[in-house]
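*Asks:* Each chain is listed here by its residues.
There are 2 protein chains.
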Amino acid sequence: MSIPFAAVHGDLSGYLTALFLLLLAAKIGEEICRHLHQPVVAGEILAGVIVGPSVLGLVELNNVVEVFAELGVIFLLFWVGLETKISQIASVGRSAALVGVVGVVLPAGSGVLLALVFGASTATAVFIGAALAATSVGITSALLMDLKLQSGRAARTILGAAVIDDILALIVLAMATGIATGGSVDLGDVGILFALAVPFLVFVSLGGSRVFRRWPKLLEVPRFADSPLMPAVIICLGLAVLSAEIGLAAVIGAFLAGMVIAETRDHNSIESEVAPIYAFFAPFFFTAIGVQVDISSFTDGDTLLLLGGVTLLAVVTKYAGAWIGSIGLDRRDRAIVAAGMVPRGEVGIIVAGIGFSEGVIRDELFAVVVGMAVLTTLIAPYMLKSAARRRR
Amino acid sequence: MSIPFAAVHGDLSGYLTALFLLLLAAKIGEEICRHLHQPVVAGEILAGVIVGPSVLGLVELNNVVEVFAELGVIFLLFWVGLETKISQIASVGRSAALVGVVGVVLPAGSGVLLALVFGASTATAVFIGAALAATSVGITSALLMDLKLQSGRAARTILGAAVIDDILALIVLAMATGIATGGSVDLGDVGILFALAVPFLVFVSLGGSRVFRRWPKLLEVPRFADSPLMPAVIICLGLAVLSAEIGLAAVIGAFLAGMVIAETRDHNSIESEVAPIYAFFAPFFFTAIGVQVDISSFTDGDTLLLLGGVTLLAVVTKYAGAWIGSIGLDRRDRAIVAAGMVPRGEVGIIVAGIGFSEGVIRDELFAVVVGMAVLTTLIAPYMLKSAARRRR
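Sequences listed follow chains A and B, in order. Each step along the first sequence adds one to the number in the numbering used here, with nothing skipped, and position 180 is 180. Take the position in the second sequence, starting the count at 1, then add 1000; the result is the number in the numbering used here.
Isolated chain A (complex conformation):
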């Protein structure tokens, strides 16, 4: 017998209340930041800190909030994909690849080395490296949109780099998990990841757009006022799930789905219809990051010092790596790319969480890595804004 609605009906109202509070807090945080001419993303994250366990304790992270947060970043990247042509990414391919590679190697390498110098175990050190490696393309995309930079050459380089970044960061993470569990790196896992990820990326981005160019009617099955929205959303979710099953981030699949659909003639109407869905879900993504911060961990000076050090390392190494990698671009685009790669957002938190569940990143260190992920996210908009000002 299936479980009836009513069995958890009491909870249902609790979940709705949590979603309502997160939206309301995000909105208020955003408006305050707008009035103070601060980045709205920061307002939403801080709103999450305030309603979360750190301050008011009104909202806790649960699987419903997590699914909404995940859909927030999925629809964000889908929307970004809808505004991106594959040819635009291809045109900055070399810079993007270089930014992705150097931008991962430098922070991951220095993270591992410094952690070993300070006496951490190999497993812990590699996890810290992994947490420092990956950029949150979701956060960066939102920041670029807020600054109306999303269609420039720098933005395309960042998006291309983010795909490389995600693959490399996953390899570092696979190494870290291998060391933590078995004591050695499972090269088979890394091989499988490559063997699945590369064909997936190539097949979807090139084959997918060819399919839609050949059968443009595929998206024209009407759902609501004859719009192609729902087929597009189903393709987005399907590729996101597939991407997650392969081991890549779900957002990579969503971004590819957006790029593929951007090749169709319906993409303008899809864009305008996806916008409200994105606007609804995105605040959960940003506030959920804030909800995961544990302010009470940062009461003694040593922890704060460690947090400051790790954050500084994260900012400097990523900025330098991306700056070096973007050698083909002009000076001002390089500054945007370098600043845009800084935020670690939810990706750093996810890596820290895996390290936590593997037992190699505990308590104080976990709080520090989560704090680093959030601080880089709060700092990045100021760096981007200043880079963008020089840009004009």
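FYI, nobody ran anything at the bench for these hints, they're computed from the structure. Treat the hints with care, since some could be wrong.
Here are the simulated lysine-lysine pairs, DSS-like style, with alpha carbons at most 30 angstroms apart [claimed, not checked]:
no.	chain 1	residue 1	chain 2	residue 2
1	B	K1085	A	K27
2	A	K27	A	K148
3	A	K385	A	K85
4	A	K385	A	K148
5	B	K1085	B	K1148
6	B	K1027	A	K85
Assemble chain B onto chain A, guided by the hints.
*Replies:* Chain B in isolation, oriented as in the chain A frame:
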């Protein structure tokens, strides 16, 4: 320490897969029904039966799916509210009240009586009465929209009646729960429900629209491309949660929120932006109903006979009650109102679920009540269509 994303990261992908499968199934079911000129709502419910535990077993009901289903019906009623003026409901107030009252008393009364005649306990009998009492205004609204009848006099009568219907059905349910747990009806509970529900309805519907007429700028805080969408969505969720806290259905609050915002000058742009959000969530509402059906319960003749009898009783008594109640309307509007009140949808399932968890509606009877709720929902569109054809 808060629980990191990654702790349930494996599950997260499972939830996304379930959501993806439900959307895909809903879309396919809908298209098949459209081709066969059958009601699309039926296609979505049957799609839920097929992917659910009854047939393929791909998707199970869990709290994430339930929250999406609940938001589906919340945004559905919000959208209906946006298309409804308070004055339009007021103009059919007397008919609506009469339809609500007679449409609850007749099915609930006959349900209780017949159950007692067939030897059920008082508690079980009152629960069956409660399950027969309440109309699913969500299903009816979707059907009216599909038939483009949502702005007629009959539709307004149904919406007004649904509010009365919900309050009365809740009273019957409170009585049933009282008898099941304590053996007697707690009149205090009924009193509290009244004391909260009536001022809530009056204050929100009259006071709310006055607030927006006086301060029309309240909704103009921009979020995304300067749209008033997010403030409107926050008001919708807030009133839905408040309504659920009082003990009313969350959809009543969402409907009131829609009606209040319909009084503002922004309501057209809000309507067009809520449409994609509704289009995204609504399929979860319909498929979740199907997921809850347990076909394996209906293998022997006796159970099928009982299902047929209960369904016939549900259709005839509701139709007759609404027909009698709508005495002030013309003949053809009365047929639409009567047919429109027939579907029990998720409301019948919720009542059955409460009875199940109280231990008074078990196994076979539970499956029968759920089956009745679904069958009335599948029959209603055909009745409505035939009534609408006479209407033109």
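*Asks:* It remains to establish, for every hint, whether it holds in the given structure.
*Replies:* Structure-based check of each hint:
1. The suggested pairing of K1085 (chain B) with K27 (chain A) holds, with an alpha-carbon distance near 28 angstroms, which does not exceed 30 angstroms.
2. The straight-line distance between the Cα atoms of K27 (chain A) and K148 (chain A) is roughly 20 angstroms, inside the 30 angstroms bound, and the hint therefore holds.
3. A distance of roughly 25 angstroms separates the Cα atoms of K385 (chain A) and K85 (chain A); the hinted pair therefore holds under the 30 angstroms criterion.
4. Only pairs whose Cα atoms come within 30 angstroms are accepted, and K385 (chain A) paired with K148 (chain A) is accepted, the gap being roughly 11 angstroms.
5. Simply put, K1085 (chain B) and K1148 (chain B) have alpha-carbon atoms about 17 angstroms apart, close enough for the 30 angstroms limit, and the pair holds.
6. Straight-line distance between C-alpha atoms of K1027 (chain B) and K85 (chain A) comes to about 28 angstroms, which keeps the hinted pair within the 30 angstroms bound.
When held up to the earlier numbered hints, the structure conflicts with none and fits them all.
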